[in-house]
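Fit the two chains together into the complex; they arrive one by one in their own frames, and the hints show the way.
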Amino acid sequence: MSSPLSKPQIIAHIQKSLNYTVFDSKWIPCSAKFVCLGNFARGTGVIQIYEVQHGEAQLIKEVEKPKPIKCGTFGAASLQQRHIATGDFDGNLHIWNLEAPDVPVYTTKAHKEIVNSIDGVGGLGIGDGAPEIVTGSRDGTVKVWDPRQKDLPVANMEPVGGETRRDCWTVAFGHAFNDQDRCVCAGYDNGDIKLFDLRNMSLRWETNIKNGVCCVEFDRKDININKLVATSLEGKFHVFDMRTQHPTKGFASISEKAHKSTIWQVRHLPQNRDIFMTAGGAGNLHLWKYEYPAQRSKKDSDGVDVGVAGSVNLLQNVNLSTQPIASLDWSPDKQGLCLCSGFDQSVRVLIVTKLNVA
Amino acid sequence: MAQIHLSTDSPNTQQSPHRALVKQRAAMSGDAVFSLPATDFSTKVPVEHLDYDFIEKCKDVKYLEKILRILRSGEEGIYPHLIKFCEGHLEKLNPKSRALRKETPVATEASFSKDEWNQIMDDLRTWAEETKKSETLLKQEPVFDLLIEKIPPVRSSNSFVPLNEKSFPKQRTNSSKHVLPRDYQEWDKFDVKEECNKVDGVLKNDPPAIINTGHPNIKRAVDASLLSQQEKFLLANREKDKGNEAFRANDYEEAVAYYSRSLSILPTVSAYNNRAQAEINLQHWHNAMRDCQQVLELESRNKKALLRRATVHNHMGNFQMASEDLRMVLQEEPNNATAIQLLSKIERKLSDCLPKQQSKGKKILIEELEEQAEQRACPVQPSQPVGGEESSAAPAERGDMGNAQKKPHSRGDGGPHSESSNSHHGHWRGKGGASDKYKVTEESKVANGSSKRGSTASVQGDKRSGTKGATGGGKAEESVNLDAPCGALPPHLSRLKNEGNLLFKNGQFADALEKYSQAIQGYTDSGIDSPEDLCILYSNRAACYLKDGNSQDCIQDCTRALELQPFSLKPLLRRAMAYESLERYKKAYVDYKTVLQIDISVQAAHDSVN
Numbered sequence: 001m002s003s004p005l006s007k008p009q010i011i012a013h014i015q016k017s018l019n020y021t022v023f024d025s026k027w028i029p030c031s032a033k034f035v036c037l038g039n040f041a042r043g044t045g046v047i048q049i050y051e052v053q054h055g056e057a058q059l060i061k062e063v064e065k066p067k068p069i070k071c072g073t074f075g076a077a078s079l080q081q082r083h084i085a086t087g088d089f090d091g092n093l094h095i096w097n098l099e100a101p102d103v104p105v106y107t108t109k110a111h112k113e114i115v116n117s118i119d120g121v122g123g124l125g126i127g128d129g130a131p132e133i134v135t136g137s138r139d140g141t142v143k144v145w146d147p148r149q150k151d152l153p154v155a156n157m158e159p160v161g162g163e164t165r166r167d168c169w170t171v172a173f174g175h176a177f178n179d180q181d182r183c184v185c186a187g188y189d190n191g192d193i194k195l196f197d198l199r200n201m202s203l204r205w206e207t208n209i210k211n212g213v214c215c216v217e218f219d220r221k222d223i224n225i226n227k228l229v230a231t232s233l234e235g236k237f238h239v240f241d242m243r244t245q246h247p248t249k250g251f252a253s254i255s256e257k258a259h260k261s262t263i264w265q266v267r268h269l270p271q272n273r274d275i276f277m278t279a280g281g282a283g284n285l286h287l288w289k290y291e292y293p294a295q296r297s298k299k300d301s302d303g304v305d306v307g308v309a310g311s312v313n314l315l316q317n318v319n320l321s322t323q324p325i326a327s328l329d330w331s332p333d334k335q336g337l338c339l340c341s342g343f344d345q346s347v348r349v350l351i352v353t354k355l356n357v358a
Numbered sequence: 001m002a003q004i005h006l007s008t009d010s011p012n013t014q015q016s017p018h019r020a021l022v023k024q025r026a027a028m029s030g031d032a033v034f035s036l037p038a039t040d041f042s043t044k045v046p047v048e049h050l051d052y053d054f055i056e057k058c059k060d061v062k063y064l065e066k067i068l069r070i071l072r073s074g075e076e077g078i079y080p081h082l083i084k085f086c087e088g089h090l091e092k093l094n095p096k097s098r099a100l101r102k103e104t105p106v107a108t109e110a111s112f113s114k115d116e117w118n119q120i121m122d123d124l125r126t127w128a129e130e131t132k133k134s135e136t137l138l139k140q141e142p143v144f145d146l147l148i149e150k151i152p153p154v155r156s157s158n159s160f161v162p163l164n165e166k167s168f169p170k171q172r173t174n175s176s177k178h179v180l181p182r183d184y185q186e187w188d189k190f191d192v193k194e195e196c197n198k199v200d201g202v203l204k205n206d207p208p209a210i211i212n213t214g215h216p217n218i219k220r221a222v223d224a225s226l227l228s229q230q231e232k233f234l235l236a237n238r239e240k241d242k243g244n245e246a247f248r249a250n251d252y253e254e255a256v257a258y259y260s261r262s263l264s265i266l267p268t269v270s271a272y273n274n275r276a277q278a279e280i281n282l283q284h285w286h287n288a289m290r291d292c293q294q295v296l297e298l299e300s301r302n303k304k305a306l307l308r309r310a311t312v313h314n315h316m317g318n319f320q321m322a323s324e325d326l327r328m329v330l331q332e333e334p335n336n337a338t339a340i341q342l343l344s345k346i347e348r349k350l351s352d353c354l355p356k357q358q359s360k361g362k363k364i365l366i367e368e369l370e371e372q373a374e375q376r377a378c379p380v381q382p383s384q385p386v387g388g389e390e391s392s393a394a395p396a397e398r399g400d401m402g403n404a405q406k407k408p409h410s411r412g413d414g415g416p417h418s419e420s421s422n423s424h425h426g427h428w429r430g431k432g433g434a435s436d437k438y439k440v441t442e443e444s445k446v447a448n449g450s451s452k453r454g455s456t457a458s459v460q461g462d463k464r465s466g467t468k469g470a471t472g473g474g475k476a477e478e479s480v481n482l483d484a485p486c487g488a489l490p491p492h493l494s495r496l497k498n499e500g501n502l503l504f505k506n507g508q509f510a511d512a513l514e515k516y517s518q519a520i521q522g523y524t525d526s527g528i529d530s531p532e533d534l535c536i537l538y539s540n541r542a543a544c545y546l547k548d549g550n551s552q553d554c555i556q557d558c559t560r561a562l563e564l565q566p567f568s569l570k571p572l573l574r575r576a577m578a579y580e581s582l583e584r585y586k587k588a589y590v591d592y593k594t595v596l597q598i599d600i601s602v603q604a605a606h607d608s609v610n
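Residue numbers (UniProt numbering), protein chains in the order written: chain C, 1 to 358; chain S, 1 to 610.
Bound conformation, chain S alone (with noise of 0.2 Å):
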């Protein structure tokens, strides 16, 4: 048989009766191209490599495209199977292979869906409208002449620069023999320093040595002011697109230059966010922080913003913010990666100085219930900050509970192991070690943001409005005075919610509710007026009831958390559960039922109301 016969050229014969006949007729072409050898410009293609096999085993790129090559051109004869076959190989080896590389026709209405046409058409559609109108708008507008008078001059003095087809020095010595007459304005442009090289002789301008040094000075803002609302938009964007593509090429400090253009004629949320993130790449952090916060008083739930601050928070050192940050993130989009990993990390090293603090955690209460009985005597105590950002107390301040005050601990640093022996609070101390200029500006930013927070139902944003709603009353002490009565309640007042949520996180539940009801009676005695603190505080310590088995307290302290703040979720769901524990169902069911009125996704809710 014919088969058996060509077959011998390759060893494999196990094939299929499909491939052994592509074989053949492969094998049998190539007898009759070998008897006419001008043509065969394949000569370091041997037939036997245009072969299935052959092709699957074959790693060398620039071979297998010139296999291609001739497969396609059809010498040997056409197999289309087998330039297909070849072609997904090469693909899988070098996508970006130029033998892949295949001219299409254009596209049209047919290579779309229906849908996809309709939008791009409609899309085109709207644009032609929109720009018509904005185009007879432009015709309206007079023109400034005052736009004219702020461009430069012409271009001064009318140099010859002579194009020599090679020499460089040639040319550099024509230009200075002549000393051409200088326009006026090139007084403006006069730099003393340059001038004085030149004469000394120190000629930088080598012209092959033209070497771009650095970041040339990019201005960092933009005179915008004669241009209408319309322009402003436009040049606005395009800095900010500018400044995205420095980003992209990882051309950082450039990015920020541009950004900050964008800013100086158009602020927006977008720009701040990507300078945010420009910073935090440059690691600059007080200046991501203030984009942060820049974002978040414009946009308060604005989720790139809070995802940013935390991180920025994490290399501060802020674990405590960082996670509130991340767990309001979760809050409204519960499958964030980024989000999720971060929390994890941050929970990983906050447990990591959690036990630290334990073993101390005796000890510390009693020295601490010393020093805050000291400390009401004297309510002059400027205290230990919540996360840093909210000390109304300068660092010089932060005098004491009694321990020596060092320097505000560096920034960033792990905290945990901080040398203060009052470690207990030392945690979140140090974090605090950011410089005053930073504090200042956080102060107003703080308090606004947290004006804009009072409102929302969610209990994190009561938290956290609450601590600083604290410090929002203690900001009125803006100056670095040590002697300020005022002041010290509120942080204070926040350093013990604080400790009592660690120990309710540790379980330690009686010593939190002690903690909650110091706190409690703290605001009352010092008849600060602050609602949402209170709020929080109670909710919390109905927590602490609830899981000492007290129904009854609870639902009194969750009752007048409500009064404080009608609609709070949490204090709702917990007054719920201990009701429930209480068997008193009805009541149970109507609170439930109002949890899920104003948040739907709250599991817990749903489980019990069924």
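Same shape as in the complex, but just chain C (with noise of 0.2 Å):
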């Protein structure tokens, strides 16, 4: 049995208190900055930027703007330049650059209803390719953006006309180990996860976990495929083994009941693919610990591969609060940093310690 002191601590450094409701928080990455998106009680939206200085966190810059914001990634910013991508309530699709952010440097209506969750790659030197965004809304349309393309998206998956549609909760980048290749998860409200190859255009597996998703997020999103976390309500998440699909089967997994209440989101470190910290609507964060089987696939009774899922296992729990924690985000640029917000209108700042030993 370890010790309680081997074990990662999760230590609350900065806890800042906010006038507006927060919905997502993201590090800027290369700095000790981070911006927190969300919306007053006004009905506007709001972008502030922090700086981490001498334990607190100094607010730098905020502006407000005519719609509530949702989501945000830096996902497909190149490392100089920065630019915040932006999904708000009204369905658009704006690229801010924090340094002049008056004016969206790439704007455009994206969908018809709220942008739920935003993802992007190729910048910050995380995947090999184009940068492209790829949007989901309550609209039940996924559609995947290129900032130099105005107007029209690159793809679009969207139900045939007359099927009904689903909201679509949470997407993720994938598989982006080449210029070519690229994957999109989508989940939906219904329990879908959809897994769409961008090289190929079309649907390669799609699964259904029974509860609505809530977060999706793959391992690394610039390698070959190889893991896929999906969180649901009622205290669920899957771990997906991507690397062996079986014509039928699909994807191997295993599924870990945690948190008592809905998992909001799940996000993996950066500096370790196996580990990941998923926060609950109890405002508690759990952080896992992900082991491969000793062979991760087998033949089944047809001669046909199949996956095998490892284990999950807990490392640390803690409680930050009462009310969901519906942001989290790790820093790319210091192992164990880690940002979250949640619905009691603050944002925190934890030190993750004791990460390498894990």
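No wet-lab data here; the hints were simulated from the structure.
Be aware that one or more of the hints could be misleading.
Stated by the list, open to error - Among the chain C residues that face chain S by a calculated CB cut under 8 Å, a handful are: (1) R148; (2) R220; (3) T353.
Given the structure is predicted, the values throughout are model-derived calculations rather than measurements.
Quick reminder that beta carbons are idealized off the backbone N, C-alpha and C, glycines included.
This is the structure:
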């Protein structure tokens, strides 16, 4: 039994109370700053930039926008420019330059309804190939954008006319290990998870996990797809081993029950793809580590390869507040530094220790 | 008494009063509960089971979890000690049990020792400052327009991927009906074979059967020419991390690919080291050897590289080289468990093949003397390389000692049972069966390595650099020319030296002495300027003299050795011992002190000084 001190510890380093509802918070790459996105009580959106200094978060800039902002990503930005792409409640996709945030660098009316989730790939040295942004919306569509192409998405995944549209709650990029391959994974409110291959422009895999999918994430965007974690309502999350796809059974997975309520977010540690953190509706965080099985694939009765899922271990769990923690972001520069924000109108900077040993 | 009355429930009556009390309470409240069946959800767990002995004996994890749940809920009363006991037992059985998960509050300053806390805070502070600096630097750099051109074009074709809840086939036919207008740049991606296949009706993209076969093409090199040093460093590190992760998941091929990518951006010692380990796991011995050599070029005392090279040698059958590498490691870190283990295995293997040669020892000596005489006359001979790595001659050249040379021995072969009648050397020659390519690349690296190490004081370094120096001299003839006149001597002499070493190890000091003398003669005859080798030979001969009891000659040889290479440990040490045996304690003392100055860890010197 490991002594409690050798387990990773989660420390609440900075806690900042905000006067608006914050939906998303992200580290600005290559800096000690972070940005918070949300909406004021008066119905307008807000972008705030803070800097971590002397054990405190100091407000550097605040910008107000006409519509509340739901989500943002730096994934498609170059390391030098670090523009943030945001989706707002009105279905617009904007890309802002935080040095001059008055006018967006790129703007388009992406969806008819709120943009629930956004992800980017190809920037920051992650993923070869063109920088792209994917957005998923309540109108049931998932669209992929390239900042060099105005108005029109590069790919659009939508239900055929006549089919019922399910809200898309989450999207994620993956499999971007060379400049042509890309995969987008989308999770819907009825439990559907769909994996689209952008190279072939086809649906590669889909499954249903019975409860609405709150968050999906690949363990790393820029490798041959390895693992996918999907979290859902009712406190369950699934880890899929994506290396071996069986023609009928799909991908092997394990599921784990935790948090006792909705698991809002899952985020992998950028420095170690086998460690991830889940954030729950009761204001708690769980830190997990995935272990690979001895053999990642085996032959089933028909002689076809089928994957074998490993196991997850709980490394640490802490309770931060009583309200759900809606967003979680690991710092890409410093291992163990993490940012989370919740519906208790506060944003916290956490330090997780001993991740090397874990 | 109430106790006796109630304790008829359980058969174990020999308990501490405390336990009996607890049981009594449990039993009593059990009575109370039984009268209220409605709230009794613990129908499956009778109250008697909420008991130390039962819990201890129970092996069923699920049942224990149930018991724990009931105890925690406090329905039967609150027994904190029992709860802890149950938890402890459950942990022993199943440490990963969900019931053991506890919500802890977030750690704060109070949960750490002062030192740890300060460390964490300082770490964060330095990081914040550094990042600010690098950020300002980043902002000042001009934006590279060239970089923008290098990005692939916008993904072509506005294709709609209709989302069906279930059907794959429907969607397939949908997309194949429309021939969407394509972008010119698609011609860049035009794949002739694929198109032919499509035309022939071989549609291999059945959506259900998209199975990930094997490893997709990971480009082995990354074009990082336009990136700044900082970005290169970041990118190289990231690729290396990816490699590490793949390694941990046992995907060694992938790991090698990522390490290669990292190295193509920025060569680093750790990336080479890691790639070497991955190649070892894949059993690509030559690649692993190449990588180890790279590391040792950059950092000649890198322990991991030495250990890994020793492993590779071991598998390739070069036991001598392996043991030398291991000895180097042990010099620096005498407690290295892996090194010790591996070394003992190798020694055993070495000693296994030695007895074979022992018996033929005498006979071969004579043979060799003759052959050597021959050789001195016609110094054409290519010869038995030591440990293969150093042969300056190509395998074809190993023409010889009058023995029909067979194909170079297979690598990794246990060697000692070589077919060559010259089994005395076969031991070393066998390991030489490496491919030409490998040797040629090795040579250049070996030469570099030796030039770096030429000045070390350690004798092992000397020994190896000596042998390499020998080939360094002979490296001049890289061509596969059988008639090269001068290249043969150094390897020939190093062979002599190794024979001497072997004899010495066997305790045949006189013979060893002879060998060394011959080697020294050979050196002086050929006029090769290789002080390290000569120094080693003298030093070794001195050791032989010492063992024979001939202290005078020993001192003489040591002095000569020290003339060639001052401050080399072994000659100093031996000279000190020789003086001691001659009772010239002052001189001995001086020499021991010198040794200690050079290397404070030589135990023998310490003892003798006292």
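**Message:** Less than 8 Å between beta-carbons is the criterion; does R220 of chain C satisfy it with respect to chain S?
**Reply:** Status holds, d = 7 Å.
**Asked** Would the hint on T353 of chain C stand, with a C-beta cut-off of 8 Å toward chain S?
**Response** holds (6 Å)
**Item:** Restraint check, 8 Å cut-off on beta carbons, for R148 of chain C near chain S
**Value:** Cβ of R148 of chain C sits 6 Å from chain S, so the hint holds.
The structure fails none of the hints (numbered hints given earlier).
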